[in-house]
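There are 2 protein chains.
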Amino acid sequence: MGWTEILGLTAGVFTTAAVTPQIWKAWKTKEVDDVSPGMFFVLITGLALWVIYGFIEKDIPIIATNGVAFMLNSFMLFLIYRYRNKN
Amino acid sequence: MGWTEILGLTAGVFTTAAVTPQIWKAWKTKEVDDVSPGMFFVLITGLALWVIYGFIEKDIPIIATNGVAFMLNSFMLFLIYRYRNKN
Chain A
1 MGWTEILGLT AGVFTTAAVT PQIWKAWKTK EVDDVSPGMF FVLITGLALW VIYGFIEKDI
61 PIIATNGVAF MLNSFMLFLI YRYRNKN
Chain B
1 MGWTEILGLT AGVFTTAAVT PQIWKAWKTK EVDDVSPGMF FVLITGLALW VIYGFIEKDI
61 PIIATNGVAF MLNSFMLFLI YRYRNKN
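Quick mapping for you: the protein sequence lines, in order, are chains A and B.
In terms of the working numbering, the first sequence opens at residue 1 and continues consecutively.
In terms of the working numbering, the second sequence opens at residue 1 and continues consecutively.
With the rest of the complex left out, here is chain A:
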């Protein structure tokens, strides 16, 4: 594997895993009122389109990274609705 490929994979791991600190924070504090559900709706829609695009192009990295990101961000959207206006 070349350096460029490693760079691309590292970039993919960062952008895919980015939502985990937000999930962790929401899980701990159960406070999500300042988090925008709209952001996660738009993001999940885009990630779903990327997965479809990946299947058409038969591109495994696109399917894998966007598929994992789709699941993580869907879980965050679920937490937003679970903890919303709980007070």
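It is possible that some hints are incorrect.
Said to hold, decoys possible - Heads up, simulated BS3-like pairs for lysine-lysine below, C-alpha to C-alpha not over 30 Å straight-line:
#, chain 1, residue 1, chain 2, residue 2
1, B, 28, A, 28
2, A, 30, B, 28
3, B, 30, A, 30
Source of the hints: derived by calculation from the structure; they are not laboratory data.
The structure displayed is predicted, hence computed values, not measured ones.
Start from chain A and add chain B according to the hints.
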């Protein structure tokens, strides 16, 4: 332009623009305590790596979409520090 290309571009517009509802919400409410700065740190790092990857691969769509996302998400991180613990 083929349907697959349009699908990929649409996916890119969605994932790139996703942060704008969060920026809008933070701007309006000036409340960001539930938003994770860690999420935006990791995301911005990943997007910067994608831009570098795009330059190495001379891939304009990767540079453009991740470059715009980098700027939008950096602005959101700025808003988090600007409005944090203001109460």
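Practice item. Give me the numbers of the hints this structure contradicts, sorted from smallest to largest. Key: none
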